[in-house]
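So the sequences go chain by chain: V and X. Residue numbers for the first sequence follow this note's numbering, beginning at 1 and rising by one. Residue numbers for the second sequence follow this note's numbering, beginning at 1 and rising by one.
In case anyone wonders, no lab produced these hints; they're calculated from the structure. Possibly wrong hints are sitting among the right ones.
Derived lysine to any residue pairs resembling SDA-like cross-links, with alpha carbons at most 20 Å apart [claimed, not checked]:
{"no.": "1", "chain 1": "X", "residue 1": "K67", "chain 2": "V", "residue 2": "Q20"}
{"no.": "2", "chain 1": "X", "residue 1": "K8", "chain 2": "V", "residue 2": "T58"}
{"no.": "3", "chain 1": "X", "residue 1": "K247", "chain 2": "X", "residue 2": "K189"}
{"no.": "4", "chain 1": "V", "residue 1": "K67", "chain 2": "X", "residue 2": "R164"}
{"no.": "5", "chain 1": "X", "residue 1": "K8", "chain 2": "V", "residue 2": "G257"}
{"no.": "6", "chain 1": "X", "residue 1": "K67", "chain 2": "V", "residue 2": "A140"}
{"no.": "7", "chain 1": "X", "residue 1": "K67", "chain 2": "V", "residue 2": "A10"}
{"no.": "8", "chain 1": "X", "residue 1": "K8", "chain 2": "X", "residue 2": "L133"}
{"no.": "9", "chain 1": "X", "residue 1": "K67", "chain 2": "V", "residue 2": "T66"}
{"no.": "10", "chain 1": "V", "residue 1": "K67", "chain 2": "X", "residue 2": "E76"}
{"no.": "11", "chain 1": "V", "residue 1": "K67", "chain 2": "X", "residue 2": "D100"}
{"no.": "12", "chain 1": "X", "residue 1": "K8", "chain 2": "V", "residue 2": "A227"}
{"no.": "13", "chain 1": "V", "residue 1": "K67", "chain 2": "X", "residue 2": "E270"}
{"no.": "14", "chain 1": "V", "residue 1": "K67", "chain 2": "X", "residue 2": "K189"}
{"no.": "15", "chain 1": "X", "residue 1": "K8", "chain 2": "X", "residue 2": "P41"}
{"no.": "16", "chain 1": "X", "residue 1": "K8", "chain 2": "V", "residue 2": "N229"}
{"no.": "17", "chain 1": "X", "residue 1": "K189", "chain 2": "X", "residue 2": "D100"}
{"no.": "18", "chain 1": "V", "residue 1": "K67", "chain 2": "X", "residue 2": "T58"}
{"no.": "19", "chain 1": "X", "residue 1": "K67", "chain 2": "V", "residue 2": "T58"}
Far from chain X, some chain V residues (derived; all Cβ distances over 12 Å) [to be verified]:
{"no.": "20", "residue": "D11"}
{"no.": "21", "residue": "A16"}
{"no.": "22", "residue": "D198"}
{"no.": "23", "residue": "S267"}
{"no.": "24", "residue": "E270"}
Just so it is clear, the structure is predicted and the values come from calculations on it, not from any experiment. Each residue gets a CB set at the ideal place from its N, CA and C atoms; glycine is no exception.
Protein chains: 2
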Amino acid sequence: MANVSLEKVADVLCFAGRQQRFKHYSSVLKCEMHFSLFLPPQAVDKKVPLLVWLSGLTCTDENFVTKAGAQHVAAELGIAMLAPDTSPRGEGVPDDDAYDAGVGAGFYVNATQAPWSRHYHMYDYVVQELPALLGREVTALDLTRSSIMGHSMGGHGALVIGLRNVDRYRSISAFAPICAPSQCPWGEKALAMYLGEDKTQWRDYDASLLLAVAGPTIPIRVDQGLADNFLTSQLMPETLIAAAPEKYPLQVFQHPGYDHSYFFIASFIEAHLRFHAQFLNL
Amino acid sequence: MANVSLEKVADVLCFAGRQQRFKHYSSVLKCEMHFSLFLPPQAVDKKVPLLVWLSGLTCTDENFVTKAGAQHVAAELGIAMLAPDTSPRGEGVPDDDAYDAGVGAGFYVNATQAPWSRHYHMYDYVVQELPALLGREVTALDLTRSSIMGHSMGGHGALVIGLRNVDRYRSISAFAPICAPSQCPWGEKALAMYLGEDKTQWRDYDASLLLAVAGPTIPIRVDQGLADNFLTSQLMPETLIAAAPEKYPLQVFQHPGYDHSYFFIASFIEAHLRFHAQFLNL
Numbered sequence: 001m002a003n004v005s006l007e008k009v010a011d012v013l014c015f016a017g018r019q020q021r022f023k024h025y026s027s028v029l030k031c032e033m034h035f036s037l038f039l040p041p042q043a044v045d046k047k048v049p050l051l052v053w054l055s056g057l058t059c060t061d062e063n064f065v066t067k068a069g070a071q072h073v074a075a076e077l078g079i080a081m082l083a084p085d086t087s088p089r090g091e092g093v094p095d096d097d098a099y100d101a102g103v104g105a106g107f108y109v110n111a112t113q114a115p116w117s118r119h120y121h122m123y124d125y126v127v128q129e130l131p132a133l134l135g136r137e138v139t140a141l142d143l144t145r146s147s148i149m150g151h152s153m154g155g156h157g158a159l160v161i162g163l164r165n166v167d168r169y170r171s172i173s174a175f176a177p178i179c180a181p182s183q184c185p186w187g188e189k190a191l192a193m194y195l196g197e198d199k200t201q202w203r204d205y206d207a208s209l210l211l212a213v214a215g216p217t218i219p220i221r222v223d224q225g226l227a228d229n230f231l232t233s234q235l236m237p238e239t240l241i242a243a244a245p246e247k248y249p250l251q252v253f254q255h256p257g258y259d260h261s262y263f264f265i266a267s268f269i270e271a272h273l274r275f276h277a278q279f280l281n282l
Numbered sequence: 001m002a003n004v005s006l007e008k009v010a011d012v013l014c015f016a017g018r019q020q021r022f023k024h025y026s027s028v029l030k031c032e033m034h035f036s037l038f039l040p041p042q043a044v045d046k047k048v049p050l051l052v053w054l055s056g057l058t059c060t061d062e063n064f065v066t067k068a069g070a071q072h073v074a075a076e077l078g079i080a081m082l083a084p085d086t087s088p089r090g091e092g093v094p095d096d097d098a099y100d101a102g103v104g105a106g107f108y109v110n111a112t113q114a115p116w117s118r119h120y121h122m123y124d125y126v127v128q129e130l131p132a133l134l135g136r137e138v139t140a141l142d143l144t145r146s147s148i149m150g151h152s153m154g155g156h157g158a159l160v161i162g163l164r165n166v167d168r169y170r171s172i173s174a175f176a177p178i179c180a181p182s183q184c185p186w187g188e189k190a191l192a193m194y195l196g197e198d199k200t201q202w203r204d205y206d207a208s209l210l211l212a213v214a215g216p217t218i219p220i221r222v223d224q225g226l227a228d229n230f231l232t233s234q235l236m237p238e239t240l241i242a243a244a245p246e247k248y249p250l251q252v253f254q255h256p257g258y259d260h261s262y263f264f265i266a267s268f269i270e271a272h273l274r275f276h277a278q279f280l281n282l
């Protein structure tokens, strides 16, 4: 399916830009997928840079769009925002009853283990297929200027994808990311399930391990609420901080009282967009 | 139940303020109710004014809180925001299969017709019971400085409640309000159901009829998207404009391309908060 087409299923005016939603067949995930795209008002006249948002467990492409309040700032700065779904979905896609496995929990990996390996290739979907599709079909985007961010499982995804593709992304940010999936229950379960028990296969999907051996630097901003229920058990920002090579451009902001919710994300999304804007030549 | 107490069921930091949710028994509605309250950071040190948000059909107290992005501006301006539910709920409360009748569709009236008249008294709940409860239980609020706003059915509610209580509210605003419920299908159905077929009983719940005979003025701002599917059939802002006495402080802003959704609300909520701030002595 070389020439996959996009079907626009929603297109609503928002802060003088367009909040859109698309459906398409993903040849990487072998199922029909939805994603959301915000085009700022500036996209009418010129090409705009793209900021990718990766969502957390149980989310779809719509949570960020409806809850984060990011369009406000993206419209001001002239940044497009892409929100993919968090896993393959639909008939024939394997699932698990748990909220942290299967549908809604793709963990942005390329699965190698049955029954997941046929569909669960969210890494390739985000890094390869979606940019290629957008490059062909949405002429308003300048994909040479892209950055990536996310929340929780999606913060893990943004860190891993950004660190492994410094040629494709100019900056990374994350809200409450899973910083060391090889060492926390969410990550250990997901990586074993999707990649097998051999932990050497997990290294490419662990932001702290990747950061420890990072070559070319990429600016990273992390925000973490200190009233987040998952902070010590699942997120472990201290492991990421400890892994960073000396003078690595990693900023970690800790916020007393904030939890893991979209109320935390909304409170600091403007700071994240302004962080990325520095590197997107705006 | 003179001394009804509030149970706090959520309390999350948001833009340095508190996004809270409460449960309480309503003696007016004769059922357990939830409402949401945002306290801006300024409420720690001083009493803050209150802006009431009334939601539209099918909503609960949570839609505005998660989707409008209003906390951003309320935190800056130092305004508390109350979002009540849209109807009584729960076991024993009469309902209707339609989305525009019964639960989620209280229309901010005091019902006089069976089976609705026992529970459906949203007018008194919003105007009397909630302010009394908040006045007793939330000391950070200065209820002598209150304004009211809403969306669609809730825009109707805000207009009606504000116009009938100019001593209690300093300003009114509405997004895509039902301006003439006596003349549109949503309103005709709801008012007949809750108030009976005698249209003289509907007058107190029709913003255009109330505005036509308004005594003391109250500043009103209305925003309406021109790509709103309900514009001509249900909302009828032209009827409100035509009803306004000469030089009445009514501003109606029409926005080409915007629809009926929270993306429209989010786009202009800052303007509404700044409109109310003028009258709340901030």
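Would you check whether the claim that S267 (chain V) is not at the interface survives, using Cβ distances to chain X and the 12 Å cut-off?
-> Given that some Cβ of chain X is not farther than 12 Å from that of S267 (chain V), nearest at about 5 Å, it is violated.
Between K8 (chain X) and L133 (chain X), is the straight-line Cα distance small enough, at 20 Å or below?
-> The given pair, whose Cα atoms are some 13 Å apart, holds under the 20 Å limit.
Keeping to a limit of 20 Å between CA atoms, is the pair of K67 (chain X) and T58 (chain V) held or broken?
-> 18 Å, holds
Is K8 (chain X) within 20 Å of N229 (chain V), Cα to Cα?
-> Holds - the C-alpha atoms of N229 (chain V) and K8 (chain X) are around 19 Å apart, at most 20 Å.
Would you check the hint for K67 (chain V) and E76 (chain X), treating anything up to 20 Å between C-alpha atoms as holding?
-> 19 Å, holds
CA of K67 (chain V) to CA of E270 (chain X), is that 20 Å or under?
-> Holds: K67 (chain V) and E270 (chain X) sit about 16 Å apart, inside 20 Å.
Is K67 (chain X) close enough to Q20 (chain V), meaning Cα to Cα at most 20 Å?
-> 16 Å, holds
Does K8 (chain X) pair with A227 (chain V) here, judged by a C-alpha cut-off of 20 Å?
-> 18 Å, holds
Is it true that the CA of K67 (chain V) sits at most 20 Å from the CA of R164 (chain X)?
-> At roughly 34 Å apart (the allowed maximum being 20 Å), R164 (chain X) and K67 (chain V) break the hint.
Compute the least Cβ-Cβ separation between D11 (chain V) and chain X, then decide whether it is above 12 Å.
-> Violated, since 10 Å does not exceed 12 Å.
Given hint D100 (chain X) paired with K189 (chain X) - CA-CA distance at most 20 Å | Holds, because 8 Å separates the two Cα atoms, which is no more than 20 Å.
For the pair supplied as a hint, K67 (chain X) and T66 (chain V), confirm whether the alpha-carbon distance does not exceed 20 Å.
-> Distance ~5 Å between K67 (chain X) and T66 (chain V) Cα, so the pair holds.
Hint check: violations occur at hints 2, 3, 4, 6, 11, 14, 20, 21, 23, 24; the rest are consistent with the structure.
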